[in-house]
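Participant: Each chain, written out:
2 protein chains.
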Amino acid sequence: MSGALTFWFDFASTYSYLSAFRIGGLARAAGIRVTWQPFLLGPVFAAQGWTTSPFNIYPLKGAYMWRDMERRAEGLNLPLVRPDPFPQNSLRAARVALAALESEPEDGGPAFCRAVFAAEFGQGRDISDPATLADCLAEAGLDRALAARADDPAIKTALRGVGEEAARQKIFGAPSFTVDGELFWGDDRLEQALEWAGRG
Amino acid sequence: MSGALTFWFDFASTYSYLSAFRIGGLARAAGIRVTWQPFLLGPVFAAQGWTTSPFNIYPLKGAYMWRDMERRAEGLNLPLVRPDPFPQNSLRAARVALAALESEPEDGGPAFCRAVFAAEFGQGRDISDPATLADCLAEAGLDRALAARADDPAIKTALRGVGEEAARQKIFGAPSFTVDGELFWGDDRLEQALEWAGRG
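As you go down the protein sequences, you meet chains A and B in turn. Each number in this note's numbering comes from the position in the first sequence (counting from 1) with 31 added on. Each number in this note's numbering comes from the position in the second sequence (counting from 1) with 31 added on.
Only chain A is shown next, with the shape it has when bound in the complex (with noise of 0.2 Å):
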């Protein structure tokens, strides 16, 4: 019996980027199916009153997160540059996915995602720019045409509408994984997620 597990994330997100490169072998090892669910964190911070990425706020919290991001990205053998600006705009990178994840073939949409968080985490390219999203299409195997999805109106209404979604389900972070109403927060839970999902 497999289970499920939606994946929620942020491209601004410096975890998300782990996350978005563990997540496709560890589900397969484990049988469980994975819904990519890209979202707006700007909401979620605002309604906690924060204007920016808590990373920025709370200077050591931050210098932190960028040394463990750099020991982790070792580990996992991924690429590690800082965004300039960070967090970055991701709101154009988020409708254009929803756009990709929706399309053929079924694994371009990932592989979109992916692209993305590699553009911007493992080369400091700007995600907010329609020419760096294109790329990402072409990479991924998908219409570098999908990135004027960006400004689909019906495109537009469905991420609010994942934003409702995010909120009914508590989502306070990126990367959360969610299991049938069940939250796990943080890339540290990735594995401890699936194991739910697994339980049948």
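Relax, there's no trap hidden among the hints.
No distinction is drawn between identical chains; accordingly, a pair holds when it is met within one copy or between any pair of copies.
Listed next, the in silico EDC-like pairs over lysine to aspartate or glutamate satisfying Cα-Cα at most 16 Å (straight line): (1) 201 to 211; (2) 187 to 133; (3) 92 to 213; (4) 201 to 213; (5) 201 to 99.
Hints were generated in silico from the structure; no laboratory data involved.
Since the structure of chain A is already known, use the hints to place chain B on it.
Facilitator: Same frame as chain A, but now just chain B:
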């Protein structure tokens, strides 16, 4: 070749409870010497503008933490009750712990610390109460009279010094683990910190 690690904890900290019960066995297996270092999160939080635990300030994060703690504690076969009030005032416990950790036998200090965490998070006892601390000392095979050391000026000064060292180490939460200036934060970084300490 064996390494060393410092385990920084606040008795009021939920995830420190988990680490206190995990670190002994893991460190022994890895051949790492552990220094138990109680400190106070209060001044650290105050420096970030918080007057209580961030788990109280941010309700979604707090609700998640308790559910996460339930799952983790269950996985470790540790009992879990929510202290009332939360967080507990951990000043007196930290002072007595400093006294216990410099007493003989050497394993009495860590045993006292575990007993305090167990009283607080396993039984819901008030750890600001000198009677609770005396019981914990007895349980650890130490002299109940050590509880009075909470009022010893030398201990008070020592605890302030610990706070200054925590600031130098850029500690912003608990539990934390330090290895030669390298900082690891959170119970879920314990294994990585031990691995780092073992690099020799």
